[in-house]
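Please model the entire structure based on the sequences and the hints provided.
These protein sequences, in sequence, are chains A and B. Quick note: the first sequence uses my numbering, first residue -1, plus one each step. Quick note: the second sequence uses my numbering, first residue -1, plus one each step.
Take every hint as true, because none was put in to throw you off.
Note: identical chains are not told apart, hence a pair may lie in one copy or across any two.
Quick list of in silico lysine-lysine cross-link-like pairs, DSBU-like style, CA-CA up to 35 Å: (1) Lys97 with Lys48; (2) Lys199 with Lys149; (3) Lys61 with Lys149; (4) Lys114 with Lys151; (5) Lys149 with Lys232; (6) Lys2 with Lys151; (7) Lys238 with Lys199; (8) Lys151 with Lys217; (9) Lys2 with Lys209; (10) Lys232 with Lys151; (11) Lys114 with Lys149; (12) Lys199 with Lys151; (13) Lys209 with Lys151.
To be clear, the hints were calculated from the coordinates, so they are not data collected in a lab. In this text the structure is predicted, and so the values were computed from the model without any measurement.
One-letter residues, chain by chain:
2 protein chains.
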Amino acid sequence: MSAKCRVEICFSPAEYALYQENFELVVVIDVLRATSAICTALEYGVERIKPVASVDEARDWMKKGFIAAAERNGEIVEGFELGNSPLAYIERAEEFLGKTIVLTTTNGTKAIDIAKDKHTVVIGALNNLDALTSWLIERQEDVLILASGWKDKFNLEDTICAGAIADVLIESGDFAADEDSTVASKFIYRSARDNMFAFLKASSHRRRLRKLNLNEDVKYCLTPNNLTTIPFLKDGYLVKLIDREIPIS
Amino acid sequence: MSAKCRVEICFSPAEYALYQENFELVVVIDVLRATSAICTALEYGVERIKPVASVDEARDWMKKGFIAAAERNGEIVEGFELGNSPLAYIERAEEFLGKTIVLTTTNGTKAIDIAKDKHTVVIGALNNLDALTSWLIERQEDVLILASGWKDKFNLEDTICAGAIADVLIESGDFAADEDSTVASKFIYRSARDNMFAFLKASSHRRRLRKLNLNEDVKYCLTPNNLTTIPFLKDGYLVKLIDREIPIS
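Here is the structure:
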């Protein structure tokens, strides 16, 4: 019997340094809403997404004629007309077809930036759960799941999604987990999966988004498997993964 | 109606800076085994405990004639004859009566050190759950629970204990929580409370201690309310709290 691959979960970018060693494949997730929006935009025809860390950088790209999206604290930043609502990318799919979009968000793009030196960085969400986990199982490589959290803190929705990914990988029989963060996430996912919307009632970011009238966005982001796109980071851009495009690290 | 006090949970010393603002009362926990041992030692007659960060420092105190205890990675450090087993403090209670003990451990004493500038630092464990929570409720002050974790990472046993403390405070009606870390810990505690030993089966530190034949220690540490002592930090020493000794900050 060959040794199992590892799958572990890091709760936020602040802890990345403690968990990243020995992993060359990182799955970045930010369920509410950056990575859900990235998966959606690429599935609905956006050619590529340039994640940038700062609003200033996004503004610079906008001045050069690019479509730029910026979100901070759940809201579209002043001076931009696009944020990280996945539904907005569906509504404007025709306009965005084949385009490059520059994106900065409160947490998600920061997490992508912190992982960018790894051999393989892919984007996860509940929306692409089956597609992503099938690909990971086929790949047979150690997997670190990096939750974007909220301003470097633990958050519940990313933990549920990370737990879902880990659960599928472990249940396949080919993966095992050592860290208590992974054990806890898997447990929380299993407790939440039958009604994630209700489970997240008390979560801090759902309260934040409810105040902003973004319940429809939340419901969309909590819908597993309405997408099949796996975005991956290639030369600084997020693009749609085409099968076996990434050599094993 | 007056505003509720806050109770929040920080999963490890690595995240303390993100959570500590506005709190002047910190409860430090390290269920396996430092804070369980501290509560036990003081309850069984040790006069005071000097927590120190390094093994070298503990050795220096030993040379000066103090009883010194040192644990790293679950084991007693070479050259010492005492670690953080609570049962050892019970067995040797007569010998230790009225004594000062210097203590350094992998995680717990580091967490105490990081919180030491707060107005009030008290020590929590499952062993003193009722005594501690009754005192906190009477006190009516914002409470930050700092889990020691494992080498700056999240761990399950501290999360369960932190969740237990938060649960009692919130159920009292006088406290509320905002952070997802608190919501998740409370949920995990409620899922685990009826059989914590089994729930922790998969946890990394229980596996570590099982290898070291420390299952009896684990069972003791997971027993709620076999102690009533609340240790608190006074001029660099952990001593038994005598009612109302600490002025409100």
